[in-house]
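Visitor: Top to bottom, those sequences are chains F and V. The opening residue of the first sequence carries number 1 in our numbering; numbering runs sequentially from there. The opening residue of the second sequence carries number 1 in our numbering; numbering runs sequentially from there.
Take the hints with a grain of salt, since some may be wrong.
Pairs of lysine to aspartate or glutamate, EDC-like flavour, derived with a Cα cap of 20 Å [said to hold, decoys possible]:
1) V:K116 <-> V:D172
2) V:K116 <-> F:E169
3) V:K85 <-> F:E169
4) V:K28 <-> V:E39
5) V:K116 <-> F:D282
6) V:K85 <-> V:E70
7) V:K85 <-> V:E159
Honestly, the hints are just simulated from the structure, not real lab data.
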Amino acid sequence: MLAYVANLATLICINAILAVTLNFIMGYAGIFSLAHAVFFGVGAYVAALMALQWTDSLLLQLAFAMTVSGLLSAALALPALRVRGDYFVAASLGFQVLAVTVFSEWKSVTGGIGGLVGIPPATIAGHAFVNPMEFLGLAAVALALVVLLTRTLVRSSFGRSLKAIRDSESAALAFGKNVALIKTLSVFYSSAMCATAGVLYADYLSFINVESFTIDASTLFMAMVIVGGIGTVWGPLVGAVLLTLLPAVLTYLPFLPQTEIGSVQQMVYGLAMVLLMIFKPDGLMGIKQGEA
Amino acid sequence: MLQTSSLPTTPATLLEITGLTKSFDGVKAVEDVSLQLREGIITTLVGPNGAGKTTLFNLITGHLRPSSGEIRWQGTSIVGCAPWKIARLGVARTFQDLRLFSHMTVFENVLTAMEKSAWFWQSERATGAQRRERARQILDATGLLHKADVRANDLAYAERKFLSLARIMATDARMWLLDEPASGLDPRSYELFVALLRSEVRRGITICIIEHNLEIVVSISDRISFLDQGRLLADGEPEEILSNPHLSSIYFGERNS
C-alpha cells in the first residue's frame with residue numbers, strides 16, 4: 001500500500017512540474033501551447049539515451065535535457081511568436097503532431113513504438129535512487145525548486161513584463177518591452193523546466209515510449225492548469241493532484257467494470273470541464289480578484 | 001542633423017514629420033502630412049473623427065508603418081523601427097481605449113511602465129526600492145495611491161484615465177503622445193488633469209495631445225495642428241486656428257451631421 005501511495009505521489013510531483021511550467025506561459029504570458037508533452041518527451045528521451053549509452057548522473061542528464069528542450073522550443077517559438085498570439089496554438093499543435101511522428105519513427109534513437117527499456121536508475125554523486133521513497137523525495141525537491149523559481153520569476157520585472165504582454169501586447173510595446181524576445185524566453189524557460197519532469201519520468205519508470213508524449217498528454221496538462229486555476233500559484237498543483245488521482249479513484253469504484261474505466265474516465269473529464277467552465281471559469285483556485 | 005538653434009521664441013524641434021502618408025487598401029488615412037513637434041510645449045491635434053489623428057500617433061510610435069514619408073526623432077529617422085525601440089528612445093503614448101494592464105494591480109501597472117528592461121536587473125542606477133518609491137509618488141500625484149493594490153480592471157472610469165496617465169509619467173520619455181486623455185472626465189478630475197500636464201511640461205516634457213473638447217484645447221494648447229481627412233489643414237498658434245471660420249465650419253459641421 002505504501003509503495004502504491006508513493007508511486008502516485010511521485011507521478012503527482014512529475015505532473016505538477018508539467019502543470020506549473022505550462023501555467024507559466026499560459027497564465028502569465030498568455031501563450032497557449034499544445035506541445036508541452038513534446039518537451040516532456042524530449043527531456044525523457046535525452047535522459048534515457050544518456051543513461052543507456054553514457055552516464056547515469058542525474059545532474060548531467062538534467063543539464064543536457066534542459067538545454068536540448070529549451071533550444072528546440074526556441075526553434076518553435078521564434079517563428080511562431082512573430083505572428084499574432086493566437087497562431088501559436090495552431091503552430092504548437094502542428095509541432096506536437098510532428099514530434100509524435102519523430103518519436104515513433106526515429107527508431108535508432110527513440111526505439112520506435114516500443115520505446116526505450118531498461119533505463120538504469122539515476123545517480124547523484126554516486127548514490128543511485130532505487131528506493132521508491134527516495135525517488136519520491138527527489139521528485140518533491142525538484143517540484144519545490146521549480147515552483148520556487150517560477151514564483152520568483154513571476155514576481156520579478158520579467159514576470160511583470162509577461163503579464164503586461166498578456167493584458168495588452170500593443171501597450172507593452174509602447175512601454176518599451178521587446179515582446180517577441182520576452183515571449184521566446186518565457187517559452188524557453190517553460191520548456192527547459194518541463195524537460196526536468198521528463199528526466200525524472202524516464203529515470204523513475206525505467207521505460208518510456210511515445211504514448212506518454214502524445215497530444216492526449218498535452219491536453220491533460222492543459223486541463224490540469226485550467227481546472228486548478230490558470231495564472232495562479234497553487235492552481236496547477238491542485239489540478240495536477242486531482243487529475244492524477246482521478247483514474248486511480250475510478251479503479252476503486254466497485255460498480256465500474258474494469259474494461260470500461262478508460263471511457264468512463266474520459267466522460268468524467270469532459271463533464272468536469274464543462275461544469276467547471278460554467279460554475280467556476282477561473283479554475284478551482286481562481287479568485288475573482290486575481291492572484292499575482 | 002541635430003538642431004542647435006536655441007532662440008527662446010522657437011523651441012527646438014524634437015520630432016519632425018515630413019510628407020507622411022499612410023494608405024489602407026488605397027484609402028489614405030494620412031496624406032502628405034508635415035509637422036514639427038517642438039520641445040517643451042503642448043501641441044494639440046484637432047479635427048473631426050476620422051481625420052487621421054490616431055493613425056498619425058500609430059505611425060510615430062511604430063505601431064503602423066508609413067506608406068511613404070519620413071519621421072525624424074532628434075534628427076534621426078525612426079521609420080521602420082520596432083515600437084519598443086521607439087519607446088526606449090523616449091516617445092511614450094497613451095491609447096484612446098487605454099489598454100491598461102487590466103489584470104495587474106494599479107501599482108504593478110506603474111512599476112512595469114518604469115522598468116525599461118525586461119530582465120531581473122535594471123540598467124539604470126535606481127534600486128528596486130527607489131523605483132517603488134517613485135511609483136508611489138506618481139500614484140499620489142494622480143490621486144490613485146489608495147487604489148495601489150486594486151486591479152486596473154476594477155477601477156472607475158476616471159481612475160482608469162488617471163492610471164493611463166500615471167503609467168506614462170512612470171516612463172522617462174521626453175515626448176508624450178496622449179490620445180484623448182481627458183474625454184469623459186468630470187470637471188474636478190479635469191482640473192487635476194490639466195494641472196498635472198502643466199507641471200510635467202514645466203519639468204521639460206514635450207506633449208502632443210489629441211483632444212475634442214474645445215474648452216480643454218483652449219486651456220492647454222501652445223500650438224494647434226488641424227487635421228481633416230488625413231491632411232494637415234493648418235498649424236499654428238491657438239488664437240489663429242480657433243478664429244479661422246473655415247476650420248470651425250469643418251469641425252462643427254462634421255460634429256453636427
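Visitor: Hints first: check each against the structure and report whether it holds.
Guide: Here is how each hint holds up against the structure:
1. V:K116 <-> V:D172: Within the cut-off at roughly 9 Å; holds.
2. V:K116 <-> F:E169: 15 Å, holds
3. V:K85 <-> F:E169: Holds, because 14 Å separates the two Cα atoms, which is no more than 20 Å.
4. V:K28 <-> V:E39: 29 Å, violated
5. V:K116 <-> F:D282: 31 Å, violated
6. V:K85 <-> V:E70: The given pair, whose Cα atoms are some 17 Å apart, holds under the 20 Å limit.
7. V:K85 <-> V:E159: Outside the cut-off at roughly 29 Å; violated.
In the structure shown, a violation is registered for the earlier hints numbered 4, 5, 7, in ascending order.
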